[in-house]
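Undergrad: Residue numbers (my numbering), protein chains in the order written: chain V, 114 to 345; chain C, 238 to 1063.
Just so you know, these hints were derived from the structure itself, not from any lab.
Yeah, the Cβ is synthetic: ideal placement off N, Cα and C, and Gly gets one too.
Among the hints, erroneous ones may be present.
Coverage of chain V stretches by chain C, computed from C-beta distances (three or more under 8 Å per stretch; other residues unrestricted) [what the hints assert, rightly or not]:
id, segment
1, 161-167
2, 198-207
A few chain C residues that don't get close to chain V, going by computed Cβ distances all over 10 Å [as the list claims (entries may be wrong)]:
id, residue
3, G407
4, L479
5, A538
6, R553
7, H687
8, A712
9, W818
10, G853
11, V968
12, E973
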Amino acid sequence: MPDGPMIPHAAAPLRVNGQSLVPDLSGALWWPARRTLMVADLHLEKGSSFAARGQFLPPYDTAATLARLEAAVARWRPERLIALGDSFHDRAAAQRICTADRARIRALTGCLEWVWIAGNHDPEPPADLGGAVHEELTLDGLVFRHEAEPVRPCGELSGHFHPKASVRVRGRRVSARCFVTDGQRLILPSFGAYTGGLDVLDPAIAGLFPRGFSVHMLGRRKLVAFPATALG
Amino acid sequence: MDAPAPTDSALPAPPLPAPFAGWFAARGWAPHPHQLEMRAAAERGESALLIAPTGAGKTLAGFLPALIDLAETPREGLHTLYVSPLKALATDIHRNLTAPAEEMRLDLAIETRTGDTPQAKRTRQRKRPPQILLTTPESLALLLSYHDAAKIFHGLKTVVVDELHALAFGKRGDLLALGLARLSALAPQARRVGLSATVHDPDFLRAWLSKRGAADDPVVRTVLGRSGAEPEVEILTTKERLPWSGHMAVHALGEVYDRIRQAGTTLVFVNTRAQAELVFQELWRLNEDGLPIALHHGSLAVEQRRRVEAAMAAGRLRAVVATSSLDLGVDWASVDLVVQVGAPKGVSRLLQRLGRANHRLEEPSKALLVPANRFEVLECRAAKEGVKARTLDGDPPRAGGLDVLAQHILGMACAGPFDADAFYAEIRGAAPYRELARADFEDCLHLVAHGGYALRTYERFRRLVQDDKGRWRVAGPAHVRRYRMNLGVIVDAPTLKVRLQGGRSLGEVEEYFAQGLVPGDTFVFAGELLRFLGIQDMSVVCTRDKASGEPKVPAYMGGRLPLSTHLAERVRAMLEDPGAWDGFPEAVGEWLRLQRWRSVMPPCDGLLVESFPRGGKEFLVAYCFEGRNAHQTLGMLLTRRMERAGLAPLGFVATDYVIAVWSLKPANDMDALFDQDMLGDDLEEWMAESSLLRRTFRNVAVIAGLIERRLPGQEKTGKQVTFSADLIYDVLRKHEPDHVLLRATRADAATGLTDIGRLSQMLGRVQGRILHRVLDRVSPLAVPVLLEIGREQVYGAALDDLLDEGAQALIDEATAPALDQASLPV
């Protein structure tokens, strides 16, 4: 069982390359053995990025994302947090973060070991917000990188694709963000407030799992697992 | 409410100038009095509202003064602007106007300008406008956003708005009213002319036409056309068994087919596109004579619709099965029977449809109403009486949409810098915005300028900036481009094209329906049975199919109009008065007598609620008669409240007349259950989750320019737009619940798919007047709604069901058990 609070936020643990990992309803992933929490694709300041082009999405996405992140941290009390890339929506995002949100990020990165994995949106995550920057990271047979590499699946944890899945219920389709795994590698859902998604049946995702996969969909109140064959 | 419009004393009309008098005389015609009166109003420089039935020569009446003025004083430049709700109508008027102008040898340029007008012609039209320009509200808005708008319009003499009764209500009306307010600023001398069918509230249209937005404006003259012969409305009394429920009236289509055979040309109106497909299929199954019968609805490919319209105009068809897609449009003098299959839903709508038959004033139009079930027999009778009494339905007047205002503000900034005070005054000249508060105007202005959020972090990304004189101007050409690409207030549900494999496009279905299809499924569309192959490049690809089985029929959002308040009142009065039951088909009379014996009739001035056990569940049936949209909302709120009271509600179903809720435990305190306070916290909570509200927000956000219809250079599917709009809705509700876009969303929710306004009035009306009958079994009047359970495919509600019951619980129940973690490949 996970070394953490028993709360409905978490589903039963799943195994990736022999490690036991717990998906969290927020979209974060908890690794009890190393007391490590993972999140992918925060896309901070996505709203202001659109605003710069004259499309004024509500400027509260960074605050909303940070609030959920703070809640996940409070829930699991990790010693280490790994943000799997695209933490910032664009290179200039860090400069646009308001003072209050900036302080919240510093408080988070200051209280535990914080790792920013570089992503395609943020190849050089900001240096002044705390935390260490890595292209990728390996720990106990798990590899942390932003985008899955087709040929090296073993123990890989990544983000990038914003996976979501759909199931048909009573002739209707219900979609939700999801974790995707085949036991070798795992792709996390996006954590950011305004991030859309790509269906897991799209070849870009499904092609990474030639032996089939299962998903954990993030519902409103709990996580639900499905084999790929149940999706559509 | 049914008083005729105030008739101003007829004005002495000056004699027609020679070419016009000669033109009428050569045809053996005399001008109608209202045509001359319209001219007299023009001579005095007054605006005019012409209310007349179809076939009364309304269009000529509207244009006659302009034609005379241009004949007497020929001059260059735009003289008359004509705005119609339909492109097709503008094209048709062009033809109908060009012919007499040529016959009178008037040297005039008359041109259309719509979304179909080629770019070169548009450019030329801006440099050298024709004397008469025929256009739509959207094309007018676009024209007004150009910096040379002042030059184009400064000499304008008349604006003619056609089908004003159809345009003035709703957001297109708001957009046009704002456009007219701008026109008045550019061309103060221009008079306004409104052409309308008979309406419930002529004062509303007078106010709409007034440059002050005021009904008592003496500058707007009301001109009444002669009314035509009384329509002959007949209700089909079927020889078949009259169904308890359902809307397709399949039982009666044999009889409808016989009428089509006897008539010259018949228009068969139905209420939804799904009905249109089924009725069309069934008529063709019966069509032993191979009569040319066609299909027309809003989801068919445009070319297909144009072909049907052309065939109709040429008299090559015996019947067309149509939805509201043919409520308005080009006149077809040759139609001699209108059939309404299913309930008419409102008197005004029925009259509009009747007007599509026989455009010769002196002959009555003939209509056949075909009720599909027992309640619809009552409704048809109510509608027939309503038509006879000419009591029309009226949409309650509503304030102009703040989302439309935001779009207009950006458009006017594109035209040139504006002073906020002057602009605010100009906007209040538009009737829908007459009561606009300065604070709301400022909120919209800031929404356009920088998003208008309390957290003012977007100041540096402004879309509008102020110059040194304090005037507002657009910050860059990219914003102008984006405005023009996103202009308009019609936001369609995301759709996919339906395409034959390797062949042509047949039309569009909502993406939502397409997602429910599995390869191999068959469905009926465009009058054909199709087999679904898959989705490719944003198209539903199919082949024709001959197989039997149960094909699906695409459902469409908002396909149904709710029963009008006025018709509901008539139905209620009819139920309460057994004297009114004479002449009903025997099955209906017996049904009502049984109800009186087993339970009680729903009272006019209260609310009957019946409760009874059935199949281990406790049913509650409320006879509200407020239309299905209001009932859907009521169902959501009732089940929430029953959940809290521990009654374990299991589901509900709503029709236009009643709502039924079933639960594990019976509800006893009806006064508490139906208390008005459900519109407080319960409503707020429900609004947070309702997919209908999310959709409403998305539309508001698109119109206001927060979300784009399509980003330049980026293909965005409708699905992705919905998705991100949902996320934005959640974040905005949480962080700034009073933001102007959420206020606009709530205002929209009062009507339309959630119809909260109507629900609220009903709850107020029945306070302390709830008649609760506890029965030991289902009552006769409750049978139809119970038969709808599980049969109704209700778009919005079903989606909400999924959300409300917890999608995940349903997923568990409906599909494979959760994956066993141990079985995962390692």
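Undergrad: Determine for every hint whether it applies to the structure shown.
TA: Comparing the hints with the structure gives:
1. 161-167: holds (count 5)
2. 198-207: Result for this restraint: violated, n = 0.
3. G407: holds (26 Å)
4. L479: holds (30 Å)
5. A538: holds (26 Å)
6. R553: holds (40 Å)
7. H687: Non-interface label on C:H687 violated, nearest chain V Cβ at 6 Å vs cutoff 10 Å.
8. A712: violated (8 Å)
9. W818: Its Cβ never comes within 10 Å of chain V, the nearest being 40 Å, so this holds.
10. G853: Consistent with the label, C:G853 stays out of reach of chain V, its closest Cβ about 21 Å off (over 10 Å).
11. V968: violated (5 Å)
12. E973: violated (7 Å)
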